[in-house]
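Chains as they are written, first to last, in our numbering: chain A, 39 to 616; chain B, 1392 to 1730; chain C, 1243 to 1535; chain D, 57 to 376; chain E, 213 to 566.
The hints are simulated quantities; they were obtained by calculation from the structure and are not laboratory data. One or more of the hints may lead you astray.
[Claimed, not checked] Derived PhoX-like pairs (lysine-lysine); straight-line CA-CA distance at most 20 Å: (1) A:224 <-> A:46; (2) A:383 <-> A:317; (3) A:358 <-> A:514; (4) A:328 <-> C:1297; (5) A:105 <-> A:167; (6) A:224 <-> A:122; (7) C:1251 <-> A:329; (8) A:508 <-> A:105; (9) A:170 <-> A:540; (10) E:527 <-> A:217; (11) C:1251 <-> A:328; (12) C:1297 <-> A:329; (13) A:196 <-> A:117; (14) A:383 <-> A:371; (15) A:540 <-> A:235; (16) A:423 <-> A:328; (17) A:216 <-> A:196; (18) A:423 <-> C:1297.
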Amino acid sequence: RQAPEPGKKTVRLGVTQAVDSMNPFLAVRIVSSSIHRWTYGSLTVPDPKTLQPSPDLAESWETSDDKLTWTFKIRAGAKWSDGKPVTAQDAAWTFNTVMTVDAAKQANGPAVENFESVTATDDRTLVIKTRKPQASMLENPIPIVPKHVWEAVGDIGKFENDTYPAVGSGPYIAVEHKKDAYVKLKANPGYWRGAPKIDELHVIFYENPEAANAGLKKGDIDLIGRLAAPQFEALAGDPNIVQWNTQGRRAAYLQLNHGAQTIDNKPVGDGHPALKDPKVRRAIHYAIDKKALADQVVNGLAVPADGSIVPPMYQEFFWKAEGDDLVTHDVAKANEILDDAGYKKGADGIRTMPDGERKLEMRFSIHTDTPVEDKLGQFLTGWFKEIGIALSTRKLDANKFTEETGFTGLFDIAISGWSVNPDPEEVLATHLCSRRPTPSGEGGGTESFYCDPAYEKLYQEQLSELDRPKRAEIIKQMQKRLYTDAPVIALYYPNNLEGYRKDRITSITPIPEDKGILYGGSGYWPFYSLDAVAAPAGSAGGGSGTGLAVGVAAAVVIVGAGGFLLARRRRSVADERE
Amino acid sequence: MSLLELRDVAVTYRVASGEVPAVRGVSLELAAGRALGVAGESGSGKSTLAMALLRLLPKDARVTGEILLDGEDVLTMKWGRLRAVRWASASVVFQGAQHALNPVRRIEDQIAEPLLVHGLATPAAARRKVAELLEQVGLPAWRARSHPHELSGGQRQRVMIAMALACSPRLIIADEPTTALDVMIQAQVLALIRSLIAEHGISLIMISHDLSVLASMCDRLAVMYAGRVVESGPAHEVFRGPRHPYSRALAEAFPTVGDPASRLAPKGLGGDPPDPMRLPGGCSFHPRCPVSLPSCASREVELWPAGESRTAACVHVLSADEKTESTGISVMRPAKEDA
Amino acid sequence: MSITRTRRKAAFSRFWREYRRQRAGLYGAAILVAAVVLALLTPLITDPAGMDVTKATGAKMSAPSLDFPMGTDESGRSILLMVLWGSRVSLLIGFMSALLSMTIGTVMGIAAGHFRGWVSAVLMRITDWFLVLPSLVLALVLAAILGGGTSTIILAIGVTSWASTARLIRAQTLSVEARPYIERSRALGAGHWHIMTRHVLPNVAPLVLANTTLQVASAIVAESTLAFLGADSGDVSWGGLLRGSYDWGAATSGAWWYVLAPGLCIVAVVMAFTLCGRALEAVLNPRLRGVSR
Amino acid sequence: MSLLEARDLHVEFSSRGRRARAVDGVNLQVGEGEIVALVGESGCGKTTLARTLLGLERPTSGSVLYGGAPLSYSSRALKAYRREVQLVLQDPTGSLNPRHTVYEAVAEGPRIHGMPDEEERVASALSRAGLRPPERFLHSYPHELSGGQRQRVVIAGALALDPRVLVADEPVASLDASVRGEILALMLRLRDELGLSALVVTHDLGLAWNIADRVAVMYLGRIVESGPVEQILKSPSHPYTQALLSVLPESPSPVVLGGEPPDPTRIPHGCRFHPRCQVLAAGTAAGAGVDGRCRSQLLPVLSSSADSQVACHYAGARRR
Amino acid sequence: MTVPPDTLSDPEPAAFPAAGPGKERGAHRPVLRYALAKIGGAALSIGMVIVATFFLFRLIPGDPAIAYTRDVPLSPEQLDLLRRQMGLDKPLTQQFLDFVTRTLRLDLGTSYEYKRPVAELIADRVGPTLVLVGTGLVIAVSLGLWQGTRAAWNHGGRFDRFSTGLSLVLWSVPTFWLGLLLLMVFAAGVGPIPGIFPTRGMEDVDAPGGPLYLLHVAHHLVLPCLTLVAVVYAQYLLVMRSSLLDEIGQDYVTTARAKGLRDDEVRRRHAVPNALLPTVTLVFIHIGFVVGGAVSVETVYSWPGLGLLFYEAIKGPDFAVMQGTFMVVCTAVIVMNTLADVAYHVLDPRVRSA
Ligand SMILES: Nc1ncnc2c1ncn2[C@@H]1O[C@H](COP(=O)(O)OP(=O)(O)OP(=O)(O)O)[C@@H](O)[C@H]1O
Ligand SMILES: Nc1ncnc2c1ncn2[C@@H]1O[C@H](COP(=O)(O)OP(=O)(O)OP(=O)(O)O)[C@@H](O)[C@H]1O
Ligand SMILES: [Mg+2]
Ligand SMILES: [Mg+2]
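Take the sequences, apply the hints, and build the full model.
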């Protein structure tokens, strides 16, 4: 490694996900969309304090009275990194591409589904017409790309966006990408908010999370986000490392096959009939010790879920079960419910259906290669046994899992979870009737096969409620419905676990600023606000280790070769004998 | 002084189940320019003896006695000296030439190798010498570029002989050079060896279990049985009038075509070959001996004189010649008179 | 025939005498016997309830102590217990896939060696194909396609590892077939079946036996590698334990016992099998017998 | 009268794209109770002929007749045929499966053919082959036997089927001189006692002299001279037979044939022996005026008659 | 997966019966024919790979179109369109033919995950794998052969016992496990041992240019290579050892001694070259094995090669990438083996004229 230039500030971010694409229209992985967030601007960005939309490339905006037309004013001072100004045409071109080119829908297709048209009336005015009112308009995640560069691209679906430095408008410019290895970003000196404090940001890929941890401890990297609990715990005790443990965006829950149906209300799949009974679902809810799960499965680095699919991080929208609503771990209660409902225990301790036909033997579908889900399965199996339900774990690869739990309904209970954006609309929509699979059995994106009139009604109400507190109240009602009817049972909200070296990173602002997320959160704030120790003048930095090692290696080789030659000489004397 | 003299040579192989006395006290002598035949049945220790002459036996063989080559004891030689003696003074034609040649190297290189190793020729000279040697053994010079597998059995045997001649040694040890060969090729090879010793005055030790072959090739003959020499003497005399019952059986086993006595009357020797690890007491041949006496089972036999420069290890020799005193270790004289 | 029995006994004791001289083989056999006996006894000497995470008694990832001689895992279960139960699955996978692989290999090998012409050519082509294919890659593909489960793993390992056996058996068959006694048997009127079962099979059997032990060894390693790469059987196995130690960050958090216990078990048992296999080979394979003079 | 007969038999192998005519037109018959010796140098096709007679090799053309009827190659017919005609191979050690006891080796044939009284049959075969008392050997393994004993076990294995014809391929070649006499004596005895017919394949003329009634000399895939032993071996007419006899160690003036050993993939034109023929080389043939024919004119295939006959232009010319 | 060490010593006779005289003048002809036959065989094998791949991946339950679209909800029309684009509406035979033609045109499909042609993804990752496997193989082979030679020559001696024992232990170690241990000890550092090697990858950001780049990569290569070598070299050692022991027992070695050659000359000129030839073919048969090992090593050390791509594809699962990598790796191994076979054939005169 070359000695870094003295005074240069570099931060190295370790990730355990390889970049799937540098093309923002195609990239779906968190690492890539994060990079795109840092290298391209969007219309709006969540405010670091409130998480509410705030101006980014759009300086200001207004809505028509019918709530169907949005007019954005594009920022005057924003420039592309090649010096050209950012215009409304760039934004219009970007949105229109996503709307019209199938290949470009890959990353953010749903975000424009409701768009009727997008036009730039002049350089600074962007007009978006929607089919239906869209309260989440200001959360639009699509990175806006420079039209003058991208126009020339033939097939967006095949374009790798690999000419560096890539032209962007974000705080950083991508200058190098080695596949399965790293992405190198440089501060954008012409960024309209002002250049970031550091000079370079490196995103370094580790396949092996243990190695990433070792890398952080050793100082090969400065920050890792999205740590698994064990890795996070392993960082304890290092004086130079900050263990950054905050509330997460994610909710982990179970999906119960309560009678999966297609969009035309035809039953599909082979879900266990007992699960159609809300009492059974309720009993199951009682059987689960959420606290134990949070403690054991994620090492206590999670909040047991006394709520539903929106995590408490979003205080505004989070609904907490209280009083009679609250379901606690109570095996006796669970057994009582089941006994009362007529599910009798057999000699083997397994209950049967009230009609005496079928045993309560259920499958628990999880993903392959996910130790946490595996462990979860072990716990559920243990508890369910106590209430007379036999549970067997099935591991499915991601494709099959999506197919069976999303379209074909070939499951009883499945693991599920969702990382929630500052606006929860997206996750709420996953439980709508309209999301159920088509008659031919293809996916609509349901997370539960849920179809509940009350829930539908609430959804429509919140959609057109532009008053934020009121809308939040409706959203809480929806969560309550999910909690009590239990098509899904929230288990816990995993914390967001990160770690960074404080001897390298001197300041970093999470999002939200109060105990928020560093990497993988919305917006670019943490990495824009980042400040680091400059490479000391004259020091070789990490290079000294390299030099040392190379020296050692060379010495070993020389000594080895010498020894070998010597041994040969000696032996050739010994060879006199036979 | 004789070229080669063996004094009470014994070879014992150490194996997992004990010791195998393959050669049990053999004394022989060979004068320069003479040919000595060694016969004996399979497993009687002929090859072992031959390999012992140049200390080529594997590590687990123990050799005792003295092997004097030009008066120098091979067994106590320094390695350097031994290497110098090997091939330059005495060379070997191994039993089974197909295995004794390196399968992946050209025969040219293999023949030239001893010349170069002993510093007897420059590479160019060595190549010329190889061509010459091949001509001598009746192979066209272009064969030098061949690999062993491209040659027939007889040709390989001839390559082996050419190789043995390369350093013009004074002694050639030929271990069953013709056993694996066809009658016709056998005749070719024998004729070749015969002419070579006649032309170059080389001494020869030839091993075979075919008495008639040895009789036609050698001056003197030694017959081995169970690791010992049981009879020795001038080749034709031993072949025509064997004194030891084993030699007799061997000689008789070869039918003479045209001889009415052997027509439709094959002769052989019954009984099993001896197991060197469990040799019978007394005369080791007595269990198979057609003329054994009760005393043979207990009485040690030694090589007793059995006529003019002949010895045989059989009690019947004593009674026939009415010689009672044993001569102890009998040494084979350089047999000038019977050549 | 009782004489036959005494013969057999004599043959066995001769074999045993020879085997005893292979010191490494003896150590290997001792380890193996211990491992197999322990695996068989596990259900009798331990309580499977200790494997239930909801009933685990230990602290998470605690170091070896009197209660937990090999420490505990991420859920506070005794690693000793897990290793014992894991040995059952690992050994089962080892034995079953070796059995599968040896069966395929032996049948293919004998058939390819016995028959001439296109049958042999086709069989050899297939064998060579399987031989050069990266079997781990193929096994992973198979496991991914067939889905998890112990039987899948057995199948994946068995199906991808028989080729070298087939080659070996074929070579041996060819050399047996070249012996005059096959010709003699044929001249006596014997058919293919008779020759393959009476002459070839008994002659290749020792080789098969020796090779099976080696195959078990590689199957155990293969199982752990597959588990590490994400294709596990779902039951507790040594490979699965190693995978667990990796998933739960045992190494970085200093829980060396969690990493070392299953790893060393694998190394020890695989090594034991290998040593036994080599010793068996040395004793039974006449080709190798002369070598270690 | 003839029990086993080869009629104009040709066997070809394709070796590396070339055709090797290993047996190139052979007429030969073995009568009831007759011992015929087939002699010739290495590679002349003796073994191939023997194997073809047993149906182990299919002839390219021509046929094998047994009891006057051509051999059928269906596996059923072959099995039946091999009950009556047996092969004894050259190498006794190799012919016995080292994992089978003597009993199993001898009983293999009866088992294959489902013959009754297996044990008695084995015991009697062993004692007929001179392994007496049979019980002593029943449970031995081949490696515990001497070479001669092994050869007898092989013979016993053939005898256990009560064959009418024995084809013995070099039965003593690998044996010690002291044992070979024993085996040959055994064969003679079997012929006398059981009326066995035999074809003995060998390259050793002394062996033919020892036991055969008739001898056929083979050269490069074809029989070049045949007839009663006394006549052929005492006064051979074919130069090749003469040469073979002359290289016996005790013969006074060996004629060592020069040239490369014959190659069945390139059989010379005219008389197949002419490139090595000492009579032709010495000019004697030219003296008799047959040298041209030797080089170009094919010789007829000898018939299978028992009389003495020779395939040689020179001998033919002299006889006339 | 591993191949047991000793089963490698293939007892098939290398030598063939003597050829008749005068054949060697046309010796180059058989070599050519042999090479052609081998190449034909390899082509057939590759064909088998293609066929097997097609049917193997057809066994996957579920709808490839849905798998391709992942979680993105698509309308039925869009799905139908996609199916038509993927050719799934055609009869199986037609699909097969399409597959074959596409494969022959090096079109290996499009990755589900990356939405890019699989061939391109693979092309990007071939280099690092070649560096790792190539270096590993060279070191393992030379180390194994050298140690094997020494061990066999003084068999039963201390060196023999030590190196055979060590190699057996290493052979019994699962690759990934050894990799993790080495990573923890020498890259992360344990106790007094400093972590002097990098924790990941083939190169870092800001790798130096020029010759220093080689050093930089070499530094990254040390641990992955060490892991691969440790697990692989044992086989070569054991094969070389037993093959040389076979040769030592041969008569021609005695002949060489009888000629007065020194011990090391006997070894260098006769025994080792002869033992080497059969060993080297076995070495090449093992390329497949080494490639398998590379999957584990690349995963542990985040080495950006084919093995990592394959591993990620399995985790995905990205069947298109899996299928493509599988075909490419198999084909490469088959091609390497064929080259080795032909080279061996040219080098060993015994086999050459057979
Ligand atoms: N390396 C060895 N280890 C143990 N015993 C051996 C060894 N070599 C030979 N023998 C035994 O020594 C005895 C003599 O063997 P040798 O090879 O000298 O016999 P030979 O007379 O040459 O026989 P042949 O005529 O068959 O070549 C035999 O019993 C043989 O089994
Ligand atoms: N299976 C085969 N394929 C090709 N050529 C063969 C085959 N069998 C025999 N030959 C050739 O046919 C010729 C005759 O062989 P055969 O074995 O019959 O000779 P032989 O007279 O028995 O020789 P020997 O005395 O050496 O046993 C030889 O040149 C041999 O190379
Ligand atoms: Mg010998
Ligand atoms: Mg023959």
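Status of each hint after checking the structure:
1. A:224 <-> A:46: holds (11 Å)
2. A:383 <-> A:317: holds (16 Å)
3. A:358 <-> A:514: Answer holds: residue 358 of chain A to residue 514 of chain A is near 9 Å, not above 20 Å.
4. A:328 <-> C:1297: holds (16 Å)
5. A:105 <-> A:167: holds (9 Å)
6. A:224 <-> A:122: With Cα atoms ~18 Å apart, residue 224 of chain A and residue 122 of chain A stay inside 20 Å; holds.
7. C:1251 <-> A:329: Given pair residue 1251 of chain C, residue 329 of chain A is violated - Cα atoms ~65 Å apart, limit 20 Å.
8. A:508 <-> A:105: It holds: about 17 Å lies between the C-alpha atoms, which stays within 20 Å.
9. A:170 <-> A:540: Violated. Residue 170 of chain A to residue 540 of chain A sits at ~48 Å, over the 20 Å cutoff.
10. E:527 <-> A:217: holds (18 Å)
11. C:1251 <-> A:328: violated (64 Å)
12. C:1297 <-> A:329: This hinted pair holds, its Cα atoms lying about 15 Å apart.
13. A:196 <-> A:117: Judged against 20 Å, a Cα distance of about 27 Å means the pair is violated.
14. A:383 <-> A:371: Answer holds: residue 383 of chain A to residue 371 of chain A is near 15 Å, not above 20 Å.
15. A:540 <-> A:235: holds (16 Å)
16. A:423 <-> A:328: Roughly 16 Å between the alpha carbons, so the hint for residue 423 of chain A and residue 328 of chain A holds.
17. A:216 <-> A:196: Distance of about 18 Å is within 20 Å: holds.
18. A:423 <-> C:1297: Holds - the C-alpha atoms of residue 1297 of chain C and residue 423 of chain A are around 12 Å apart, at most 20 Å.
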